[in-house]
Amino acid sequence: MHRFANPARFMRVSAPIVPWLAAMTAAFLLVGLVLGFRAPPDYQQGDTVRIMFIHVPAAWMAMATYSVVAAASAAALIWRHPLAEIAAQEAAPLGAAFTAVCLVSGSLWGAPTWGTWWVWDARLTSVLVLFFLYLGYIALSHAFDDPTRGSRAASVLALVGWINIPIIKFSVDWWNSLHQPASVLRLGGSTIDASILVPLLIMAVAFTLLFVLLLLLRMRAALLERKIRALQMVEAEATASSYALAGR
Amino acid sequence: MDALSDFLAMGGYAAYIWPAYAAAFLILGFFTVNAVMRYRAAQRSLARLQADRT
Amino acid sequence: MPFWAIVRRDLRLAFRQGGDGAMAVMFFVLAAILFPFGIGPEPELLARSAAGIIWVTALLATLLALDRMFLGDWEDGTLELIRLSPLPLELAVLAKCLSHWLVAGVPVLLATPIVALLLRLDPASLPRLMLGMAIGTPVLSLLGSVGAALTLGARRGGVLVSLLVLPLEIPVLIFGVGAADAAITQEAGAAHLYILGALLAGALPLCPLAAAAALRQALE
Numbered sequence: 020m021h022r023f024a025n026p027a028r029f030m031r032v033s034a035p036i037v038p039w040l041a042a043m044t045a046a047f048l049l050v051g052l053v054l055g056f057r058a059p060p061d062y063q064q065g066d067t068v069r070i071m072f073i074h075v076p077a078a079w080m081a082m083a084t085y086s087v088v089a090a091a092s093a094a095a096l097i098w099r100h101p102l103a104e105i106a107a108q109e110a111a112p113l114g115a116a117f118t119a120v121c122l123v124s125g126s127l128w129g130a131p132t133w134g135t136w137w138v139w140d141a142r143l144t145s146v147l148v149l150f151f152l153y154l155g156y157i158a159l160s161h162a163f164d165d166p167t168r169g170s171r172a173a174s175v176l177a178l179v180g181w182i183n184i185p186i187i188k189f190s191v192d193w194w195n196s197l198h199q200p201a202s203v204l205r206l207g208g209s210t211i212d213a214s215i216l217v218p219l220l221i222m223a224v225a226f227t228l229l230f231v232l233l234l235l236l237r238m239r240a241a242l243l244e245r246k247i248r249a250l251q252m253v254e255a256e257a258t259a260s261s262y263a264l265a266g267r
Numbered sequence: 028m029d030a031l032s033d034f035l036a037m038g039g040y041a042a043y044i045w046p047a048y049a050a051a052f053l054i055l056g057f058f059t060v061n062a063v064m065r066y067r068a069a070q071r072s073l074a075r076l077q078a079d080r081t
Numbered sequence: 337m338p339f340w341a342i343v344r345r346d347l348r349l350a351f352r353q354g355g356d357g358a359m360a361v362m363f364f365v366l367a368a369i370l371f372p373f374g375i376g377p378e379p380e381l382l383a384r385s386a387a388g389i390i391w392v393t394a395l396l397a398t399l400l401a402l403d404r405m406f407l408g409d410w411e412d413g414t415l416e417l418i419r420l421s422p423l424p425l426e427l428a429v430l431a432k433c434l435s436h437w438l439v440a441g442v443p444v445l446l447a448t449p450i451v452a453l454l455l456r457l458d459p460a461s462l463p464r465l466m467l468g469m470a471i472g473t474p475v476l477s478l479l480g481s482v483g484a485a486l487t488l489g490a491r492r493g494g495v496l497v498s499l500l501v502l503p504l505e506i507p508v509l510i511f512g513v514g515a516a517d518a519a520i521t522q523e524a525g526a527a528h529l530y531i532l533g534a535l536l537a538g539a540l541p542l543c544p545l546a547a548a549a550a551l552r553q554a555l556e
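Residue numbers (the working numbering), protein chains in the order written: chain A, 20 to 267; chain B, 28 to 81; chain C, 337 to 556.
Taking beta-carbon pairs under 10 Å as the criterion, some of the chain A residues facing chain C (in silico):
no., residue
1, R168
2, V175
3, V179
With the Cβ distance kept under 7 Å, some of the chain C side facing chain A (calculated, not the full set):
no., residue
4, A490
5, R491
6, L496
7, L499
8, P503
9, I506
10, P507
11, I510
Just so you know, the hints here were simulated from the structure itself, not pulled from any lab data. Glycine included, every Cβ here is placed at the ideal spot set by N, Cα and C.
Next comes chain A alone, as it looks inside the complex:
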């Protein structure tokens, strides 16, 4: 564990990975989109099923990212792992982004298929709550003058939220089943056809690669920024003490 805790080592290891990741991400996105748009339209939903190639991977990433934030927060709190704290902080906005994509694309998918722009369906509602959990995390981590205090508090919040997510999901499912007539959204018939499944999985991989790429870039930037702040502090102290010595 402590082998990976060294920021310098992280910078060295991640440097060559980034361009490779970028290329892979672009490749998967391209292939996924091409296959997605070449797939035949669904017999029920027509071409709108193509929104699924954006909506479903975004939903998966929205949820997976929260697990990343929670796991990193746990590592930060339990082991004081320095990289973990940075990983959690940098991953959260990405999670919020995927959540937003999921909500917007879900709404646009619902409009022609369900006939309305917003439906309090269990999944969309849970994602909306998840969006606010992300926003709360981000707000809390920036709410203190001392950034360390902010990220520590946010770590606790992430774990509290992580425990709550299954409870929230369960209660929203329950609530939704009480208030909605049983409407089942069938994805292209009784089973997902390969022509839909393959692009979907490729896009899921593409989104995952994109997440890792962006996370690495953001973490690298964050580490550089910390170094910059540290250097600036050293300089400020040196200047202050030289003024003191000069008796000004």
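Based on these hints, arrange chains B and C on the given structure of chain A.
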């Protein structure tokens, strides 16, 4: 050109499909550009600071 | 026992200032009676919405007293003393939750029948609504303590607490309203109450743990 306009029309659902893709592209694109710009800016600042010290 | 000392002190302070508990219940009643003005006085609509309106305004009202849960003590050094005392910090948090519930939650609970009358809630639903709120409002205090502890010393802590705590309180809201729903049979209503009980049972050990961890960070 017919095939292209058919493609763009997306069976009549163009008003929903293209904005969805646009939103995804814009949101994720923003974060991508932001990540790259932030990293490059940090690199430049660090290089400047280290050059000043030497 | 320091536990009850904390509760007694908070109650004494609350009664002396008269502020928090009275404000919470006044907000509760006022916000609830805004709804007929907003959605119209038609009895059937109000009756159907009553349980939901009551629960939502109760959530918001108990939020009001939250940032005062630890803030005063943190600012004047009492929190430091509490941390240094032999009482485990988690138990101190529990004591704070109890006093918050007594000062904000219980008055709201007691005011509920009046508000239910004003909103024309079906009288048959009232017992289950009250029972649900009796079980649920402590959960609101417990969840609120986590939010209050996390935002100690934060900029704009008051609004931030709401943003943090409200999503977490949604399950309580869902099952509280579900319990009161007149259309549900007794058995199904009871099921909602059991789930609320489970939420309380879960929150009782877990929330003080999280809040104490957050307090330790604040006191560092």
